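Asks: The sequence shown begins at -18 in this note's numbering and counts up one residue at a time.
In short, the hints are calculated from the structure, not lab data.
Incorrect hints may have been included.
Listed below are the simulated DSS-like cross-link pairs for lysine-lysine, each with C-alpha atoms no more than 30 Å apart in a straight line [what the hints assert, rightly or not]:
#1 K(-9) with K6
#2 K(-4) with K80
#3 K71 with K(-6)
#4 K6 with K(-4)
#5 K(-9) with K2
#6 K80 with K(-13)
#7 K71 with K(-13)
#8 K71 with K2
#9 K71 with K(-9)
#10 K2 with K(-13)
#11 K6 with K(-6)
#12 K2 with K80
#13 K71 with K82
#14 K(-4) with K82
Keep in mind the model is a prediction, meaning the values are calculated, not measured.
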Amino acid sequence: MPPVPKPNHKRRKPKRGQLSKITPKVREEVNHRSGGQCERCGTYQAYAFEHAHLVQASQGGRGDEPWNVALLCGPSVNSGTCHNFADYTKEGRDWRLSKRKELMEYYGVSSQDEGYIT
């Protein structure tokens, strides 16, 4: 019996991994908004700049919303970087929530429009 061919249609509902992926349009917007500097410490020179979810992807943070993405100096695995601070410390998690609220005001999005708990 021959193998069954795979369907050639797109999914109606995207998988969670696709929702959390940071889109090229959002990357461009975040780079423009930040001016090429870290949005936490303001440095122009870093080993690497990384786009970080303010609401983690594992918690339902979307990558197609510019108010959920920030440009931070990294990499996140190196202690002393802003991305590491935001991901692995209590103060960093608090900073992420306050930065997200600030960006939502910047883009004119109310928290009632969101599906997240802020």
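Asks: Tell me if the straight-line CA distance from K71 to K82 falls inside 30 Å.
Replies: Holds, because 17 Å separates the two Cα atoms, which is no more than 30 Å.
Asks: Between the alpha carbons of K71 and K2, is the straight-line distance 30 Å or under?
Replies: 24 Å, holds
Asks: Given the hint that K71 pairs with K(-9), test it: the Cα-Cα distance must not exceed 30 Å.
Replies: 40 Å, violated
Asks: Between K71 and K(-13), does the CA-CA distance stay at or below 30 Å?
Replies: Given pair K71, K(-13) is violated - Cα atoms ~46 Å apart, limit 30 Å.
Asks: Verify the proposed pairing of K71 with K(-6), using a straight-line Cα cut of 30 Å.
Replies: Violated: K71 and K(-6) sit about 34 Å apart, past 30 Å.
Asks: Would the hint linking K80 and K(-13) be met if the CA-CA limit is 30 Å?
Replies: Violated: K80 and K(-13) sit about 44 Å apart, past 30 Å.
Asks: What's the verdict on K(-4) and K80, does the C-alpha distance respect the 30 Å limit or exceed it?
Replies: 27 Å, holds
Asks: Hey, K(-9) versus K6, does the alpha-carbon distance stay inside 30 Å?
Replies: 21 Å, holds
Asks: Given the hinted pair K(-4) and K82, is their alpha-carbon gap at most 30 Å?
Replies: 26 Å, holds
Asks: For the pair we were handed, K2 and K80, check the Cα-Cα distance against 30 Å.
Replies: The given pair, whose Cα atoms are some 20 Å apart, holds under the 30 Å limit.
Asks: Please work out if K2 and K(-13) have their alpha carbons no farther apart than 30 Å.
Replies: Holds - the C-alpha atoms of K(-13) and K2 are around 24 Å apart, at most 30 Å.
Asks: Given the hint that K6 pairs with K(-6), test it: the Cα-Cα distance must not exceed 30 Å.
Replies: Holds. K6 to K(-6) sits at ~21 Å (cutoff 30 Å).
Checked against the numbered hints above, the structure violates hints 3, 6, 7 and 9; every other hint is satisfied.
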